[in-house]
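Asker: Here the structure of chain A is known, so what remains is to put chain B in place on it, guided by the hints.
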Amino acid sequence: MKILEGNAGALTNFEVLDFLRSRGASKDPTRVLVPVAQSEFKVYDYLVESGACNQTRESVNEFFEKCKKFKLAKAEMLNIINIRPSSLVEIDSVIEQSDTRFDEEQLEELVDLAVTLLPPHPNQTIIEEGTNENEGPAEGANENEQGTAEGDQVGEDQKGTSDGEEIGDVEKMDDS
Amino acid sequence: MLVGARSLSETVKMFYLSKIEHTLRLPPHLLSRPLDEAIKLELENIFLDKVVANLGLCISVYDIFKIEGGFIFPGEGASTYTVEFRLVVFRPFVGEIIAAKLKESDANGLRLSLGFFDDIYIPSHLLPSPSRSEPDPDKRYDVRWIWEFGDTKYLIDGIDEIKFRVLSVKYPPIPIEQPEGSKPFAPMVVTGSIDYDGLGPVSWW
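Chains as they are written, first to last, in our numbering: chain A, 1 to 176; chain B, 1001 to 1205.
So that you can see chain A by itself, here it is in the shape it has in the complex (with noise of 0.2 Å):
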């Protein structure tokens, strides 16, 4: 066996379990009949209790450009993309040196548009309002491209601070 690249790319967690859905993958419990394997079925559970179930690749790119103007480093962007931070503190601890980087009102910026642009995972939701707002993934076994998320997808366009939020609907394109 010879490794030709270590490295040919990374994918994020939404993207394996694009790949994982894909190949048929989905959370009912009769998986005899599809082509994927136990570990696989393994690390799909794993992701779809994450942040990852949730999001879309508009939401993930929507995400990436409003964040450019933080200079944040990609791990840092990555982390926060996958841990979907909800309060200052979990911030902290992804971004270094945040305090000499950023001032308090940046940070809190930065934790507004994590926790609109990226839709919440479902421990999230319970924790934090006790209704479940997000149903759970389409079963699309026929779509290559997106996963479709069911659930509002709350996207904003924030400039500095603001105390009232607009909710809009962000339209979804299939391709399928």
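By construction, these hints were calculated from the structure, which means they are not laboratory data. Ideal placement from N, C-alpha and C gives every residue a C-beta, glycine not left out. Worth double-checking, as some hints may not be accurate.
Distance windows between CB atoms, simulated [unchecked claim]: (1) B/D1036 - A/D112: 45 to 53 Å; (2) A/E105 - B/V1094: 29 to 37 Å; (3) A/E49 - B/P1028: 35 to 43 Å.
Answerer: Chain B only, in chain A's frame:
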């Protein structure tokens, strides 16, 4: 001005794609299937859920680039192919923050599990200080860790997920002999720490 420890040109994530070339023998019971399906099945048999040193834990076969060969060597009953393909591997980077579940806790520290990967250890000196352990009333050999911060005591129980930061990923060499009754050999060991703000069980914050 970035003070990060990594250069910007290198993207760091938890899952990577690795391009591999491998020569494999296609077992005869797969001959009835179309070639790429058969090759994929055999690759999955060989690589899935196995650790490749310095590469990580192989999760799944992403795609196949080319298949060459198909020769039958003398004395063999099946043909041999040289395949170039990409694998999705799990290789956490140092500094990554991962949420995992508690698997067991003993006097040396904690052991966490991700479902598909179980060898995550948090040694006792990397728990937030001061912590102390007390014998768990439920299970005889387990120990429960408690973090005392000021006056309040925070418990590490197995109920919610624990966020930890990856400190190191090691691939210990395969031992030649193992003493009886020791733990099965772990080809990839991740060491983590929860000694920062925001880490530890989710309920703490």
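Asker: Which hints from the list above does the structure break, by number from lowest to highest?
Answerer: none
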